[in-house]
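All chains, full assembly: derive it from the sequences and hints.
Number of protein chains: 4
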Amino acid sequence: MRKEPARKIAGKGKKRIVIQTFDIRDPSLAPEGQRRTAWAARSMPVLAAIRRRFEEERPLAGVRISACLHVTTETAVLMSTLKAGGADAVLCASNPLSTQDDVAAHLVVNEGIPVFAVRGENEARYYGHIQKALAHRPILTMDDGADLVGSLHMLALGRWDELGPGVREWAASLETAERDALVAGVVGSTEETTTGVIRLKAMAREGVLRFPVIAVNDSFTKHLFDNRYGTGQSTMDGVLRATNLLLAGSTVVVAGYGWCGKGVAQRARGAGARVIVTEVDPVKALEAVMDGLEVMPMEEAAPRGDLFLTVTGDFHVLRPEHFRLMKDGAILANAGHFNVEIDLEGLRSMADGEPVVVREHVEEYRVNGRSLFVLGEGRLVNLAAAEGHPASVMDMSFANQALAVEYLLRNRGRLERRVYRIPEEIDRQIASMKLAAMGVRIDSLTPEQTRYLSSWTEGT
Amino acid sequence: MRKEPARKIAGKGKKRIVIQTFDIRDPSLAPEGQRRTAWAARSMPVLAAIRRRFEEERPLAGVRISACLHVTTETAVLMSTLKAGGADAVLCASNPLSTQDDVAAHLVVNEGIPVFAVRGENEARYYGHIQKALAHRPILTMDDGADLVGSLHMLALGRWDELGPGVREWAASLETAERDALVAGVVGSTEETTTGVIRLKAMAREGVLRFPVIAVNDSFTKHLFDNRYGTGQSTMDGVLRATNLLLAGSTVVVAGYGWCGKGVAQRARGAGARVIVTEVDPVKALEAVMDGLEVMPMEEAAPRGDLFLTVTGDFHVLRPEHFRLMKDGAILANAGHFNVEIDLEGLRSMADGEPVVVREHVEEYRVNGRSLFVLGEGRLVNLAAAEGHPASVMDMSFANQALAVEYLLRNRGRLERRVYRIPEEIDRQIASMKLAAMGVRIDSLTPEQTRYLSSWTEGT
Amino acid sequence: MRKEPARKIAGKGKKRIVIQTFDIRDPSLAPEGQRRTAWAARSMPVLAAIRRRFEEERPLAGVRISACLHVTTETAVLMSTLKAGGADAVLCASNPLSTQDDVAAHLVVNEGIPVFAVRGENEARYYGHIQKALAHRPILTMDDGADLVGSLHMLALGRWDELGPGVREWAASLETAERDALVAGVVGSTEETTTGVIRLKAMAREGVLRFPVIAVNDSFTKHLFDNRYGTGQSTMDGVLRATNLLLAGSTVVVAGYGWCGKGVAQRARGAGARVIVTEVDPVKALEAVMDGLEVMPMEEAAPRGDLFLTVTGDFHVLRPEHFRLMKDGAILANAGHFNVEIDLEGLRSMADGEPVVVREHVEEYRVNGRSLFVLGEGRLVNLAAAEGHPASVMDMSFANQALAVEYLLRNRGRLERRVYRIPEEIDRQIASMKLAAMGVRIDSLTPEQTRYLSSWTEGT
Amino acid sequence: MRKEPARKIAGKGKKRIVIQTFDIRDPSLAPEGQRRTAWAARSMPVLAAIRRRFEEERPLAGVRISACLHVTTETAVLMSTLKAGGADAVLCASNPLSTQDDVAAHLVVNEGIPVFAVRGENEARYYGHIQKALAHRPILTMDDGADLVGSLHMLALGRWDELGPGVREWAASLETAERDALVAGVVGSTEETTTGVIRLKAMAREGVLRFPVIAVNDSFTKHLFDNRYGTGQSTMDGVLRATNLLLAGSTVVVAGYGWCGKGVAQRARGAGARVIVTEVDPVKALEAVMDGLEVMPMEEAAPRGDLFLTVTGDFHVLRPEHFRLMKDGAILANAGHFNVEIDLEGLRSMADGEPVVVREHVEEYRVNGRSLFVLGEGRLVNLAAAEGHPASVMDMSFANQALAVEYLLRNRGRLERRVYRIPEEIDRQIASMKLAAMGVRIDSLTPEQTRYLSSWTEGT
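Protein chains in written order, with my numbering: chain P, 801 to 1260; chain W, 801 to 1260; chain G, 801 to 1260; chain U, 801 to 1260.
There could be a bad hint or two in this list.
[Unchecked claim] Straight-line C-alpha distance at most 20 angstroms; calculated EDC-like pairs for lysine to aspartate or glutamate:
no.: 1; chain 1: P; residue 1: Lys1127; chain 2: G; residue 2: Glu1224
no.: 2; chain 1: W; residue 1: Lys1001; chain 2: P; residue 2: Glu1100
no.: 3; chain 1: U; residue 1: Lys1001; chain 2: G; residue 2: Glu1094
no.: 4; chain 1: P; residue 1: Lys1001; chain 2: W; residue 2: Glu855
no.: 5; chain 1: U; residue 1: Lys1001; chain 2: G; residue 2: Glu1224
no.: 6; chain 1: U; residue 1: Lys1127; chain 2: W; residue 2: Glu1094
no.: 7; chain 1: G; residue 1: Lys1127; chain 2: P; residue 2: Glu1094
no.: 8; chain 1: G; residue 1: Lys1001; chain 2: U; residue 2: Asp1128
no.: 9; chain 1: W; residue 1: Lys1127; chain 2: W; residue 2: Glu1094
To be clear, the hints were calculated from the coordinates, so they are not data collected in a lab.
Below you can see the structure in the form of structure tokens.
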């Protein structure tokens, strides 16, 4: 592990904001990161097309962007697309366990993009990295879970004592005007995930939000694809890499039947599992029933499951009352954004002794003479034990990110302090670019059809 | 065929509006209609629960309702629910081919509800029946395709010459004030189907719409279930009853990948068919691709399909340029609301001789030495050749209808002249009632979870 | 109902065997039968190809064939194929409820083939018809359930008092030599169904079987297709026509996971049902588990099912101990060959009052205040309430029948008294003809590949 | 890499056969191998039950067994089961790329079982290891691909010059009697895979086979599960680990629709891919069509596939005439036993320059300006890039192995020199044990049902 010498950057007032150039595991991993990023880029034709345009038009020239995203090969392709557009971008991790150290190295060494992310970093270091991203004084921020925007607002609200260790001290060292200037300087932000959008909408509702946010997750070309097909495949992939479990004939309990949960359930079933769904929303529960799945409360599902997957965006979905009902050998994993869906503290407190690592990414807890296995410490299993979403699906999500950034800049001053979705036209354009890249042609409306659809007097 | 003697009803002015009590095929079919309606009612527990409340509360007491719906057993259950709520309701058909004559008889004879619907009625009689529904001077209307609301507005706009034969003459006989009073008297309407909603939104956009409309189709408990599971199953059911075709191993071309198209594609695939999708919307096309289906323009699909199903809500989706490419023996059917999706005139004009009925609901057209078979004259194949949606799914759609009618009355004067969806709370309530009736229990949020979801400061 | 005047035929001895020319519902139904048979023939290209060869080669010239098969449009195509080959064939029903009266009329009137089958005939008439088929003194017999071969052997064994009423008296009237001559004259038989094959193998095992039998059911191109795809689709089709039940979200209990049960389970699941399987064979049960289905004893499944389908070939699979556990509204149907899988006598004896027909093909039994609904009187639901297997799949089954008949003749005297399967080469030839008719091309082995596959020294 | 000092073992004649105790990568890997083997053992309850009985009964006491199997955690569980039964067993690899070095170390260090296997070993070392297994003078052999049995017979036939380098020299050094004694001493063998069975049946047909072989692959509890569910899941797992490709929306070409191919196709489709099947057998091709898949010659499939998977057991299924038609970016992998299904030499000879490793297990070949990617050097992708079959499925395959070994010993002298399948009773017993371990209960026949099934006079 090594850090480059710090470099001073002129602040706006008498004080100076000092940032380190980067903080990564090992720059020598760069060639492997480059090789793997090149592999991902092969499956990202939409972003490649955007990049070609960005290189010509330079719509982001000189714009400071702080991105707080999973540091993966696909993110690397996004970051270099932003840079191709002229942006002055830095990147920190949105999850301590999802960082791919070789990719971080590649971005620093080959792309000259400051990265602050080390796989397995502790809480202090994690928040220290968020601090670096804030200290970049971004004009635009990009979030995956709203940690950056949340921190910025806590800062401005004077509630920095509630923030993580690294940020807290730094915030305390700033003057009020500096703190306020940080938030005031932000033109807008993008948010990648459902969990973040929920938090941001709560902020907007409370009148706290200080700038417009584009909920990338609300784009069709994001949530219909990334959440369903991406989460679906990569979650099961994470489970298989961690366990090599035979899914055929097993009973998989999926908590949550939103887009992500639907994707996970579909893939589990496609792999031959019997799927049980738990839900709190009656409409989604009914959809699961009509899709031929069993629906029941977690209390009933707990003794039946061989594998439990939480995909709710909620808190303590699996907790001691469920652990004590589970079968010997039950496997627990989380596919939701934060590692709060499985109550690990509760599990630890009821277990005999400390958990034991029985296989990479697999910890055994002994409860009442039975073994429960938790994957990836309850963090996103697709990132902890596999490689996250396939590049092909991130291509569309990140095309939304890139175009959302451009849209925020173009509409600077014209947007309200609330959560927007990207205009449907941009959404459809991304879908069209993807289809073209796949070689799929579709129909277009004839003039008669267009007329028919807009008329209310015909058809009778 | 028989008609009851006409009965005079006092009009509002010096003129008198004369309506006939009913117009149905044969009252003696009532027992069969009753028996079949009782069978459907078994699968409609949500509507049964609403009915029990309506009988007590009488929320529709004395309210004149004109409904223009498919006259099926499920509609009969809805009509008697409305009556149980105190409504003075009449019913006409929303499609000349979908009427179940025994059900019409049952409603007239056993329920005392005026019905104007005869299966296979010609255009004049069909519009004559719409006229009867209008002449009921409804306070609330219920539509499935917006024919009633459309006619009312054409009337008010003085464009009745564009209406069907029966309505036209009657409209001409009214005075302007009477015509205007008809529209002015309407508190609101409900609309069942996507096609109708498209028309109504166009009317609202043009500023023409005169009263609020609840788009029942926009309810989750309607379009997520009725469109997908109902249309999916009943369309394939219609095809099988008409043809007894082996779906396994056949190539089914589904035009349109909206909720209905998704349902049809899913069931076709579930029956072992290879499914090809055509679309004009790139996002929907991409979804179809990601669902593992082939997507291509109709021009390419035409020579490959064994069975073509149109589910677009659009006009002339299959037309001569496609017919001439199709295989000998290709089967064509429509699952969209109106019989305009297959260009039958175009087909007829290019065919050798008149079409020949080779099996009930199957007409053979000879084109270039090949046979193309059209099912149910291009009308909704699930109603023409089978029994429409299963009662279980109509239970939810019609629970939305019944509660939408109640909601419109309760909010009389408080709603704008536009298309609404039913409040999500009512939607969720319907889903909960359905789950309860199925014996399915679900989880509810713990207080901690509720707090977590509404907080934006946690989770970091 | 009418019968043609009887016609006398010279017997072999002093006695005379008297047969009637035919016994069908109504000859005037012939045009409808012809029209429907023509529709089926469109989907039977393999049999059409065989027919063209038969017309030329006349391999069955003058051969008396007695067929005991379901009298459907597809059987009509087979019978006229046999006739085209020169056969002197007669046909009786293999199930009293499956006869399509218009098809029977068409065969008699347009094809000149004697048919003895009336839909809904009682036991006496049913066996009377079998007697006619026996009295034809067949050289070859074709069976679907082994009723013809079984009767022939009971006759020869002198156990005719155990046979049905019509056959019993006639058999008693014959002299021993005549009875023996009947069996001795048979060169061989074909058997269509699993149930029949089980019986025939028991006969062979006991040393009772008097001639070789080709188990058509053992052909790949029969059981892999007819049983799975044919039974699967047509069973669900029968259920839907009888009930219009929404399968999505329902719980379907499939008893038996042989080829037929697999097909039924696959289609039920493909229609959105949750499927529970019951089995007695641990290997098949394990397959069902691995296919993602739930497996449990019927006792546990009984209170969960909305729909029960028996597909076992066994006796009293659903019986009073299960009926008393079932939900109000449960629906029971049989897809196995004989109507013995549901213990209807047991059900009747525990029910309050007589069963009531609540919808065509649906009888309601009241048990402990709950309603159980039996479809098609427990007979094959795909034939009782729908149209049996689609023609396309019968094309292959009946191609096996036609070629098996030819094979038996060609190998007259060379086969033992046991149950054979058709040579694999004929089987493969049928598959190739089907693929060709569907326009599907496949690869063939290169010389190197052929060599590789036959060598055991390579590959290391 | 290290080798233990060689140890001398007395030969039968004046010469002495010298074997090394083991040849593995690194004994210090043993703890990891032990930990991972323990994880696999959790999913192998059937073998655990057999082991408990073996420990008591010691049915293999002193029996020399040479096993040539993939050296994986599951094989380790089998080997220690054999040892628990008293066997004197040694193990060599059946594939140079599938060896898990930590497992090899675990077997040697913790179980005291001689292992000869190093992942990535070259041809000379691979055959040297087979030589060690032969030199153990086995009474029973266990094969996965028939390499051991094949070598033994080549030896006996005096054709050792056709064998691999290591074996060749050693064989030449033996006297004829010694070579013959080696084969003569073998009581029987078991064979795991289809490919091996094909070779062995060819040997039996040619009258070359010298002892009975149990084709474990012919057991229902092997091929219905291992081939379908095991190969299906692990092949897709291997592809995902190697590529992180999004399967949803991709086109997967599966060459071969046997049990393995069916499993692969099912999982590919379950993951959202569009699946194209190629076949040479018309019956299997027709099954694929009826399963809703597209079937075409490889020549037509080549330009369509994103991913090609060979599962045929045949030679050069993908060859230059196909490579030149493939899309830029096409991925090629093999799931068949031997690495001969993709003609890699042909590919190499038409490529520009040497293949480049672009990601672990992924080699890029440049052909006509396009990139083709080959996974795992064309070897079994589930073993090369993932962990082979899940333990749960190997539990049954290896239960068959263990019981087959016991069966061969018990029936010493009573079996012919041909390929047998394990008796169905043993097969059913394994299925029952597995169901019990999964907590699944099934029905059993009532006495009436048993009687019914064995009777041919009932049912009419």
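**OP:** Would you check the hint for Lys1001/W and Glu1100/P, treating anything up to 20 angstroms between C-alpha atoms as holding?
**Re:** violated (45 angstroms)
Original post:
Would the pair Lys1001/U and Glu1094/G pass a check requiring their Cα atoms to be no farther apart than 20 angstroms?
Top reply: Measuring from Cα to Cα gives roughly 38 angstroms; hence the hint is violated.
**OP:** Assess, step by step, whether the Cα of Lys1001/P is no farther than 20 angstroms from the Cα of Glu855/W, and give holds or violated.
**Re:** violated (42 angstroms)
Original post:
For the pair supplied as a hint, Lys1127/W and Glu1094/W, is the alpha-carbon distance within the 20 angstroms limit?
Top reply: holds (19 angstroms)
Subject >> Hint consistency between Lys1127/P and Glu1224/G [alpha-carbon to alpha-carbon, up to 20 angstroms] >> reply: violated (48 angstroms)
**OP:** Decide if the proposed pair is consistent with the structure: Lys1001/G and Asp1128/U, CA atoms, cutoff 20 angstroms inclusive.
**Re:** It is violated: about 57 angstroms lies between the C-alpha atoms, which goes past 20 angstroms.
Original post:
Is Lys1001/U within 20 angstroms of Glu1224/G, Cα to Cα?
Top reply: holds (18 angstroms)
**OP:** Mind checking the alpha carbons of Lys1127/G and Glu1094/P for me, to see if they're no more than 20 angstroms apart?
**Re:** Cα-Cα ~17 angstroms, so holds.
Original post:
Given the proposed pairing of Lys1127/U with Glu1094/W, does the C-alpha separation stay at or below 20 angstroms?
Top reply: Between Lys1127/U and Glu1094/W the Cα gap is close to 17 angstroms, so the pair holds against 20 angstroms.
Hint check: violations occur at hints 1, 2, 3, 4, 8; the rest are consistent with the structure.
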